[in-house]
Every structure is written in structure tokens, then in C-alpha cells.
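Chemist: Sequence:
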Amino acid sequence: MSDKTLKVKSWHKSQGDFVIIGEADFDKDAHTLFGDKKPTAKEQKALDEQAAAELLTATKAKLSEKGVTFEEAATQAELQTLLDAAE
Numbered sequence: 001m002s003d004k005t006l007k008v009k010s011w012h013k014s015q016g017d018f019v020i021i022g023e024a025d026f027d028k029d030a031h032t033l034f035g036d037k038k039p040t041a042k043e044q045k046a047l048d049e050q051a052a053a054e055l056l057t058a059t060k061a062k063l064s065e066k067g068v069t070f071e072e073a074a075t076q077a078e079l080q081t082l083l084d085a086a087e
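Using this note's numbering, the final residue of the sequence shown is 87, and nothing's skipped along the way.
Read the hints as simulated data drawn from the structure, not as lab findings. Note that CB positions come from ideal geometry on N, CA and C, so glycine has one too. A few of these clues could be false.
Pair ranges (Cβ atoms, derived) [unchecked claim]:
(1) Thr40 <-> Ala86: 34 to 44 angstroms
(2) Ala86 <-> Glu54: 16 to 26 angstroms
(3) Asp17 <-> Thr57: 21 to 31 angstroms
(4) Lys37 <-> Glu71: 34 to 44 angstroms
Based on the provided sequences and hints, a complete structural model is requested.
Modeler: Here it is in C-alpha cells:
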């Protein structure tokens with residue numbers, strides 16, 4: 001599974017100017033790259049880090065909702081294992 005993300009033009013005004021999607025979810029027939037340019041390595045790294053941070057936050061929130069305790073410094077993989085076991 002790739003953690004790479006892309007910035008694409010939004011398809012609804014409620015989404016703002018762009019939406020961040022997984023690189024594997026990109027469909028050239030359905031999506032248009034935001035700015036029609038491939039992000040630089042630095043931009044791509046920032047997007048990937050932002051997506052990873054958002055996923056980590058969302059996973060922690062789901063675990064907390066389910067009453068599952070976890071170490072704050074746990075990795076995404078460790079948290080996902082806990083979440084999978086709780087569902």
C-alpha cells in the first residue's frame with residue numbers, strides 16, 4: 001500500500017480548491033491534478049506527511065470512541081492493529 005498522495009481539483013465547492021487523495025485512487029478520467037503539474041519532491045513529501053498525520057489522528061479518535069487505550073507514541077500500524085481487533 002502506498003502512502004503517496006496527490007492534490008486534485010475538487011469536484012464540489014464545499015471541498016475548497018483541492019482535495020488530497022491517495023495516489024492509487026487517482027483516475028485520470030475522473031480527476032485533474034490541482035495546478036496541472038506534478039508536485040515537487042518537497043511538495044509531495046509535505047502532502048504525504050499531512051495525509052499520514054490526518055490518518056493517525058483519525059485512527060486515534062476511532063480508538064478513543066471505542067474506549068480502546070493506546071500509547072500516544074504508537075505507530076499507525078500498531079494503532080490500526082488495535083482498531084482492527086476492536087471492530
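Chemist: Each hint: holds or not?
Modeler: Results for each hint:
1. Range check, Thr40 to Ala86: Cβ separation about 39 angstroms, and the 34 to 44 angstroms hint holds.
2. Distance hint check: the CB atoms of Ala86 and Glu54 are about 20 angstroms apart, consistent with the given range 16 to 26 angstroms.
3. A beta carbon spacing of about 22 angstroms between Asp17 and Thr57 agrees with the range 21 to 31 angstroms that was offered as a hint.
4. Between Lys37 and Glu71 the beta carbons are some 40 angstroms apart, a value that agrees with the proposed interval 34 to 44 angstroms.
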